[in-house]
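Chains as they are written, first to last, in our numbering: chain G, 1 to 359; chain S, 1 to 359.
Hint data in this document are derived by calculation from the structure and do not stem from the laboratory.
Since no wrong hints were added, every one of them can be taken at face value.
Intra- or inter-copy, both count: the list cannot distinguish identical chains.
List time: in silico BS3-like cross-link candidates among lysine-lysine, alpha-carbon distance up to 25 Å:
| hint | residue 1 | residue 2 |
| --- | --- | --- |
| 1 | K28 | K346 |
| 2 | K68 | K294 |
| 3 | K64 | K18 |
| 4 | K216 | K269 |
| 5 | K270 | K294 |
| 6 | K269 | K294 |
Number of protein chains: 2
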Amino acid sequence: MPYSYEHLFEFTSGILIKMGFNKTDSDKCAKVFLAAELRGISTHGITRLSDYYKLWEVGRINLKPQIKIVHQTPSTAVVDGDSTIGMLPALFSMELAIKKAKDAGTGWVSTRNSSNFGIAGYYAMMALEHDMIGICMTNASPLVAPTFSADAMLGTNPIAFAIPALHQPPFVADFATTPINRGKFTFAAMMGENLGYGFAQDQFGNPSDDPSILEKKGSMLPLGGDREHGSHKGYCLGAIVDIMSAVLSGANFGPFVPPMVAYLPVLDKKTGEGLGHFFGAMRIDAFQEASHFKLKMDEWITTFRNARPAEGYERVLIPGDVERENEIRIRKEGILLKPKVVDELKLIADRFAVPFGKS
Amino acid sequence: MPYSYEHLFEFTSGILIKMGFNKTDSDKCAKVFLAAELRGISTHGITRLSDYYKLWEVGRINLKPQIKIVHQTPSTAVVDGDSTIGMLPALFSMELAIKKAKDAGTGWVSTRNSSNFGIAGYYAMMALEHDMIGICMTNASPLVAPTFSADAMLGTNPIAFAIPALHQPPFVADFATTPINRGKFTFAAMMGENLGYGFAQDQFGNPSDDPSILEKKGSMLPLGGDREHGSHKGYCLGAIVDIMSAVLSGANFGPFVPPMVAYLPVLDKKTGEGLGHFFGAMRIDAFQEASHFKLKMDEWITTFRNARPAEGYERVLIPGDVERENEIRIRKEGILLKPKVVDELKLIADRFAVPFGKS
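All chains, please: the whole structure from these sequences, using the hints.
Spelled out as structure tokens, the structure:
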């Protein structure tokens, strides 16, 4: 049975309010959680509420954050998230990047002392209504081994770019710098299937197709898979995201990113504060007339959409097509949650006496 | 027999002067050609002089360009390269990005009406001495098929990031958004070897390991190789580079990028002017004290360099290590050129009566 957007929104915001966030902040965060569900990226959706709940239980989330700008120029800033739920510093930072772009042409914000913020694409897409290109990156808990390394040193470190068009829907790329996300490991394990090769390695750095290898000190591989197929380029991408998000802001980098699950202890060594993000906003008319650019983007999109499909495939996709089509469908049909997720949410619902289960 | 840097520099600059460029511009371009040789990226080195020579023969290069800024804000600009050799607009644009960053914190330049500029890393690295992060991208002739497509629609569209450190050498990533570059196809064909899978497809979009498939209407695959291994992410990266370089500047995008070889005709359809690049410069102290950042970069680099190697490997590399070590070695030992390249250069040398062959 699918759940309605409205019900899950009220539920999510209600839980955050019970934790101690104010209503405005809770609604803002709920919107990001639910955007992931609508776009069909349920791995980053309401299931993550449990992670925050557990972190809240052990007092690792600041409920009354003083998010502030610690350094700035006309086109840049560093923001300190004051150790709260990642959506709040992320929204603050992207809004700041957009504001700076209005004045200086572009705005760039590196954010420290934050935590998991949901889907990167959400923040990049905030730029679209301002006729700007939006950019967002974040580092994350170490799961990925650099090329030639046996150790997990980087997160799945996603990159998002949102670029406006005129009559066509916008170009929205939002992707981890690994071949697959962690959810695919869990799913293969649940189904009793092998993972296939090119995704993971064991604790000594040898190729592995075991979907539970991450729990056995194994690690994920960067985009490219192995050196021969360009994994050093995926490693470069993950490293760039880590440096722009964490070294530039003063957050913890690479292997020192704090775990986003309460059952893992806070690390002894710190190289900065919390987790880091990076945001960019570029005003189109800082380069050319916005309407002309958007018309050209329509032409770009149409050209690529009309490329000849490979044998056995129906059509060539534009980045963002799948998620946009998901959103249209899921808004109509409702949001399906896995039984395991429902069970977790019910526990939290009971704990706070917030109603859950209306469809 | 290796050639000395000095000899090949004088030769390259000498040829460009004979073509009709002034001495200052010729020296600037020769430095970029030779930088590729020193860094061991000979596919983008002096061998490309033949391409320009052939384009010059048919009058496709403007020898007296008026490179100009056509639009700007405090942190952005669009530059028109006036249809000349790519190095000149690229150097002009990156210098402009650096100048803008000095005033506004960051500088971003999108450049149209240019041509092949050599190695992207050269321009990104220009930012380092200013305590800035340097970024460079370019589009290129269409060789790469988007995921699910049978048609080559994108170039190998490289991305370069140069990030300064304190006592450690800088982080310099410079990579095509494909698993391998075109040179690997040529090399495998020459050796009579199969290419392996994950690199190319035939004209119908079926996997191919034929190293001469590009001459049979086949195409290269994006980083990731196939959809299962994340080729849609490589496609996203190539598309982002194309849009930032060409749509934002008003250059030709994707399949309409003009061929960089004289034997291919100029395309009937144009979507802009020439080929496009994108440049960025970010002043470190627009985010935090530069010396503190660079110390943290030392820590980042040391942490990753000391990661435990995978079984069978000696060490974990930092982006830029291989090219820097090449440069030290090649400066000492001299530059080796393939016999085929030497033959081509000798033809050009004879044509212009510029001496070639001193070692």
